[in-house]
Amino acid sequence: MKRQEVYNAWKEPKSKIEVGENFTQQVMNQICLYEQTKKHPLLNMQRFMDLVYAHPLAKAGIVTAGIIAGFIRMTLTVCVFLRT
Amino acid sequence: MIDEISIIRLVLEGDIDSFRSLVQRYEKPVIRMIRNIINDHHVCEDIAQDVFFTAYRKLESYDPARSSFSTWLFTIARSKSINAAKKKRTPSITNLPENPDLSTPGDTLAQKEFFDRLDKVLATLPTKLKTAFILAEFEKLPYEQIAQIEGARTGTIKSRINRAKNKLRSALKGLEENRI
Chain Y
0 MKRQEVYNAW
10 KEPKSKIEVG
20 ENFTQQVMNQ
30 ICLYEQTKKH
40 PLLNMQRFMD
50 LVYAHPLAKA
60 GIVTAGIIAG
70 FIRMTLTVCV
80 FLRT
Chain V
0 MIDEISIIRL
10 VLEGDIDSFR
20 SLVQRYEKPV
30 IRMIRNIIND
40 HHVCEDIAQD
50 VFFTAYRKLE
60 SYDPARSSFS
70 TWLFTIARSK
80 SINAAKKKRT
90 PSITNLPENP
100 DLSTPGDTLA
110 QKEFFDRLDK
120 VLATLPTKLK
130 TAFILAEFEK
140 LPYEQIAQIE
150 GARTGTIKSR
160 INRAKNKLRS
170 ALKGLEENRI
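From first to last, the protein sequence lines stand for chains Y and V. Residue 0 is where the first sequence starts when you use numbering that gives the first Met the number 0, and the numbers rise one by one after that. Residue 0 is where the second sequence starts when you use numbering that gives the first Met the number 0, and the numbers rise one by one after that.
These are computed hints drawn from the structure, not numbers from a lab. It is possible that part of the hints are untrue.
Pairs of lysine-lysine, DSS-like flavour, derived with a Cα cap of 30 Å [what the hints assert, rightly or not]:
hint, chain 1, residue 1, chain 2, residue 2
1, Y, K1, V, K111
2, Y, K15, V, K87
3, V, K85, Y, K1
4, Y, K58, V, K111
5, Y, K13, V, K111
6, V, K79, Y, K1
7, Y, K37, V, K57
8, V, K57, Y, K10
9, V, K172, Y, K10
10, Y, K15, V, K111
11, Y, K13, V, K27
12, Y, K15, V, K57
13, V, K79, Y, K13
14, V, K119, Y, K1
15, Y, K10, V, K85
Based on the sequences and whatever the hints tell you, model everything.
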């Protein structure tokens, strides 16, 4: 075999490639996952509301926090009123 | 067939699925280029996946006035392959299929020896020579495009490819002399 023939025979398989069947889908899945995390960040109001609706304890916690906040506000208003 | 600029515009406007056609269009050359640079079948698809994902994330920064999409994509692929090759210090040798037109076992053995030698020389080429050679010989890219990918002048690229070819040629010559 001549040198050029050997060189061409060596080059031939390197110019070919077999791509896995799911390659494109894997890339697209990765992109979709990236887009989802971009659209739904950890601090999302809708996600927070869903979480609260789904857990009775969370609901109770929110109501309690609201009552406490309201009570504090009322107390502060009364204090300010009494001072004046 | 929709042109690449229109596809890119669609993707940037939020049509993610349009990116699929770009992946399908370039998956083969990108994977092949990575495989030939790092000389490893097993990880080339993982790296290629990362290349396409990076291309998607950075698509806004792609400027069609500066280069074609393929040049831009190959530049990302080149840089990721070089990084992967640096991590993988010991290059493995590709198992090449035997050429069926050889008649005698002696020829097949000699051919394998030649192929192994060429693989070794290619694996040990300096990175700049190797990538330029792969882009020219296996991807059949024009010198101008290789120059853009490599960030060098066309003359420099021609010289790198010639140097790589000379090294491969001398490896073959050395083997022929040893066999005589």
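So, going through the hints one by one against the coordinates:
no. : hint           : result
1   : Y:K1 / V:K111  : 14 Å, holds
2   : Y:K15 / V:K87  : 23 Å, holds
3   : V:K85 / Y:K1   : 35 Å, violated
4   : Y:K58 / V:K111 : 73 Å, violated
5   : Y:K13 / V:K111 : 14 Å, holds
6   : V:K79 / Y:K1   : 36 Å, violated
7   : Y:K37 / V:K57  : 14 Å, holds
8   : V:K57 / Y:K10  : 33 Å, violated
9   : V:K172 / Y:K10 : 17 Å, holds
10  : Y:K15 / V:K111 : 18 Å, holds
11  : Y:K13 / V:K27  : 12 Å, holds
12  : Y:K15 / V:K57  : 29 Å, holds
13  : V:K79 / Y:K13  : 19 Å, holds
14  : V:K119 / Y:K1  : 20 Å, holds
15  : Y:K10 / V:K85  : 24 Å, holds
Going down the numbered hints, you'll see the structure goes against 3, 4, 6 and 8, while the others check out.
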